[in-house]
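Q: Respectively, the protein sequence lines represent chains W and H.
Numbering that gives the first Met the number 0 puts the first sequence at residues 0 to 346.
Numbering that gives the first Met the number 0 puts the second sequence at residues 0 to 253.
Just so you know, the hints here were simulated from the structure itself, not pulled from any lab data.
Built from N, CA and C at the ideal position, the CB exists for glycine as well.
Take these hints with a grain of salt, some might be off.
Stated by the list, open to error - The list that follows gives simulated cross-link-like pairs (lysine-lysine, DSS-like), each with its CA atoms no further than 30 Å apart: (1) H:Lys18 x H:Lys194; (2) H:Lys129 x W:Lys116; (3) W:Lys116 x H:Lys141; (4) H:Lys89 x H:Lys18; (5) H:Lys194 x W:Lys116; (6) W:Lys189 x H:Lys106; (7) H:Lys63 x H:Lys89; (8) H:Lys129 x W:Lys9; (9) W:Lys116 x H:Lys23; (10) H:Lys23 x H:Lys89; (11) H:Lys63 x W:Lys9; (12) W:Lys116 x H:Lys210; (13) H:Lys210 x H:Lys63; (14) H:Lys63 x W:Lys189; (15) H:Lys57 x H:Lys141; (16) W:Lys189 x H:Lys129; (17) H:Lys52 x H:Lys89; (18) H:Lys249 x W:Lys116; (19) H:Lys249 x H:Lys18; (20) H:Lys63 x H:Lys141; (21) W:Lys9 x W:Lys189; (22) H:Lys57 x H:Lys18; (23) H:Lys194 x H:Lys210; (24) H:Lys249 x W:Lys189; (25) H:Lys89 x W:Lys9.
Stated by the list, open to error - Each pair of labels, with its calculated beta carbon distance range: (26) H:Lys89 x W:Ala17: 33 to 41 Å; (27) W:Ser119 x H:Leu114: 42 to 50 Å; (28) H:Glu26 x W:Ala276: 28 to 36 Å; (29) H:His207 x W:Leu20: 27 to 35 Å; (30) H:Ala118 x W:Leu178: 16 to 24 Å; (31) W:Arg288 x H:Lys52: 51 to 59 Å; (32) W:Ala276 x H:Asp135: 57 to 65 Å; (33) W:Ile136 x H:Ser21: 25 to 33 Å; (34) W:Ile90 x H:Lys89: 21 to 29 Å; (35) W:Ser119 x H:Ser198: 51 to 59 Å; (36) H:Ser198 x W:Leu94: 51 to 59 Å.
To be verified - Under 8 Å between C-beta atoms, here's a sample of chain H residues computed to sit facing chain W: (37) Tyr51; (38) Gly55; (39) Arg80; (40) Lys89.
Here's the letter readout for the chains.
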Amino acid sequence: MSNQAAGLTKRNLSIAKAVALAVIGCVLLALPFIAQNRYQVHVINTAGIYILISLGLNIAMGYAGQFNLAMGALWGVGAYTAAILNTRFGIPFWLNLPAAMVAAGLMGAIVGLPSFKVRSHYLAIVTIGLGEVINIILVNEQRLTGGADGISRIRMPSFFGVPINTDERYYYLILVVVLLGFFVARQILKHRIGRSFRAIRDDYQAAKAMGVNTAYYQILAFVISAAYAGAAGALFAHLNTYISPDIFEFSSTLFIMTVTMVGGMGSLAGSIVGGLALPILQEYLRVIRNWQLVAYGVAIMVVVLFIPGGVMELMRRLRGSPMLRQFSAQRHAEERFEPEEPNVSGN
Amino acid sequence: MFLEIEGLSMQFGGLSAVKDVSIKIDEGEIHGLIGPNGSGKTTTFNVVSGYYKPSGGKITFERKNITGLPAYRITAAGFARTFQNLRLFKSMTVLENVLVGMGHHAKAGLWQQILNPIAVRREERAFVEKAMRLLDLLGIAKLAEYPATSLSYGHQRRVEIARALGTDPRILLLDEPAAGLNDIESVDLRETLVKIRESGVTIFLIEHDMKLVMGMCDIITVLDYGRKIAEGSCEHISNDPVVIEAYLGKEEQL
Chain W
0 MSNQAAGLTK RNLSIAKAVA LAVIGCVLLA LPFIAQNRYQ VHVINTAGIY
50 ILISLGLNIA MGYAGQFNLA MGALWGVGAY TAAILNTRFG IPFWLNLPAA
100 MVAAGLMGAI VGLPSFKVRS HYLAIVTIGL GEVINIILVN EQRLTGGADG
150 ISRIRMPSFF GVPINTDERY YYLILVVVLL GFFVARQILK HRIGRSFRAI
200 RDDYQAAKAM GVNTAYYQIL AFVISAAYAG AAGALFAHLN TYISPDIFEF
250 SSTLFIMTVT MVGGMGSLAG SIVGGLALPI LQEYLRVIRN WQLVAYGVAI
300 MVVVLFIPGG VMELMRRLRG SPMLRQFSAQ RHAEERFEPE EPNVSGN
Chain H
0 MFLEIEGLSM QFGGLSAVKD VSIKIDEGEI HGLIGPNGSG KTTTFNVVSG
50 YYKPSGGKIT FERKNITGLP AYRITAAGFA RTFQNLRLFK SMTVLENVLV
100 GMGHHAKAGL WQQILNPIAV RREERAFVEK AMRLLDLLGI AKLAEYPATS
150 LSYGHQRRVE IARALGTDPR ILLLDEPAAG LNDIESVDLR ETLVKIRESG
200 VTIFLIEHDM KLVMGMCDII TVLDYGRKIA EGSCEHISND PVVIEAYLGK
250 EEQL
């Protein structure tokens, strides 16, 4: 009887899930038409780019525990790779996207090297430093990067002859890349690789004893996160047609970190929530100007102190008990295996 | 010879934690390593399992020199270990903890995982089946979906053993598996260890619980101040005056 009821609610849940997904899908597809003006679409496009970077940071920091705080600079590496290839050699976006991912990924591997020697906060500081080095290179290698003036006149992409030259059209490009990024991330984290990442984060020594090649997975986490930043960089460069090094300064890393932490560390959906909410909120917060930075600082502190899992954890809490799934699993086990203890003492 | 430790030394600065220790372990043996606190037992384990590079000596496993290899390669060679103080992965369920150790057998790499989810899922299912069998062997299959650190101490110890077995070891290094267990749990553990040995895994264990050690080990090595002071069968060790002196002090002539 109770089984039947459980089956029913389960079916209802899956129906509700399908309906919700369909609604979300429709909203996503219709978004450029719902928006009141072009500027709103541009803000959403920017949000999409931040989602992508945040997914990368979440893989490295939220899952593997590797503090990659050079994300802003790696984003810059991706953007500059695409910009230089496009303006110097006329290479189109479609080739620049993978090129930017590879370039940023390689740079990410270098940024990740210190993870062999230092961990947690120390690693954070070293990667901040390496990010700054990258930024200084962007400013000073004038012949290659245009120095502080940046690079302008990057051409927007076209898709089989259709130019993707408006924010509305670019929106769909970003949508596809972000969705792809999300599902690839989910696939990577699902089984062994995700478990190895979490093992390293939870207990480095025990992970080693379990045969996890920690050095490989640490660098892998850096490379994957950097590749995400690189893809976001290519999208950013071709969307705005102009880039300059100040965009990729440490403050951008801070913003991405805020997005990720507020959304939810260790939750890919959190990256989407944070990546959507903060850039949009930023638009409304323009009136308070520099106090924005204070707001981010406060937001990070509140999250770290009270809701380490970010918005996603908050939602889980609001939905009921904090660890709904775990508790139901426990109840389940207790119901089914009552005679456990007597059995043990019998031996 | 299955596992041969020859003239092993480990120094930390001026302190010699292990001095010129040689131990030979045959396949299928349950080999005990005992000694007073600070005698170098855990250090020996840490060197053998690749956490420390030894200052001197040689470790050969099935005629292959494994001295100084990184820990993950020693695991791949057929070693698995548990820790004196529990080190379970706290964000994971019991089952996931065991699955981590199976990772190094996985064939599906990064690209497979992205591009061929069906093959990966098949592999994953085989891992889960095997992990459940191991949890069953340890008598904790029903706790598979619990968060690992929510279990009782005794059960967490069993998860550690199951997790170590997940790496498919030829030899299992257990660092005080009975620490913190009550008498009943301890008897239970002993039965489990015998079962594990029967399944073809050699066991090398550090233990303070003499009841457990004496009843079960084929050979016992005794360390004191980093040196090997005795080695032999249970009766031999329990009657050896050198061992008794190390543990209880010398009998004073009145």
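Q: Given a hint of 51 to 59 Å, does the C-beta separation of Ser119 (chain W) and Ser198 (chain H) actually sit inside it?
A: violated, 39 Å
Q: Check whether the Cα positions of Lys9 (chain W) and Lys189 (chain W) lie no farther apart than 30 Å.
A: Holds: Lys9 (chain W) and Lys189 (chain W) sit about 23 Å apart, inside 30 Å.
Q: Minimum Cβ distance from Arg80 (chain H) to chain W below 8 Å?
A: It holds, given that the least Cβ distance between Arg80 (chain H) and chain W is near 5 Å, below 8 Å.
Q: Has the given pair, Lys116 (chain W) with Lys210 (chain H), been kept, meaning a C-alpha gap of at most 30 Å?
A: Violated, at about 43 Å.
Q: Is the straight-line distance between the alpha-carbon of Lys189 (chain W) and that of Lys129 (chain H) 30 Å or less?
A: Roughly 18 Å separates the two Cα atoms, so the pair holds.
Q: Check the hint pairing Lys18 (chain H) with Lys194 (chain H) against an upper bound of 30 Å on the C-alpha distance.
A: Distance ~34 Å between Lys18 (chain H) and Lys194 (chain H) Cα, so the pair is violated.
Q: Does the beta carbon distance between Lys89 (chain H) and Ala17 (chain W) stay inside 33 to 41 Å, or does it fall outside?
A: Check passed, 34 Å falls within 33 to 41 Å.
Q: Lys63 (chain H) and Lys89 (chain H): Cα distance at most 30 Å?
A: Not OK: Lys63 (chain H) and Lys89 (chain H) at ~35 Å, beyond 30 Å, violated.
Q: Are the Cα positions of Lys57 (chain H) and Lys141 (chain H) separated by 30 Å at most?
A: violated, 43 Å
Q: Lys129 (chain H) and Lys9 (chain W): Cα distance at most 30 Å?
A: Answer holds: Lys129 (chain H) to Lys9 (chain W) is near 28 Å, not above 30 Å.
Q: Are the Cα atoms of Lys129 (chain H) and Lys116 (chain W) separated by 30 Å or less?
A: violated, 35 Å
Q: Check the hint pairing Lys63 (chain H) with Lys141 (chain H) against an upper bound of 30 Å on the C-alpha distance.
A: Violated: Lys63 (chain H) and Lys141 (chain H) sit about 39 Å apart, past 30 Å.
Against the hints set out earlier in the document, violations occur for numbers 1, 2, 3, 4, 5, 7, 9, 10, 11, 12, 13, 14, 15, 18, 20, 24, 27, 28, 29, 32, 33, 34, 35, 37 and 38.
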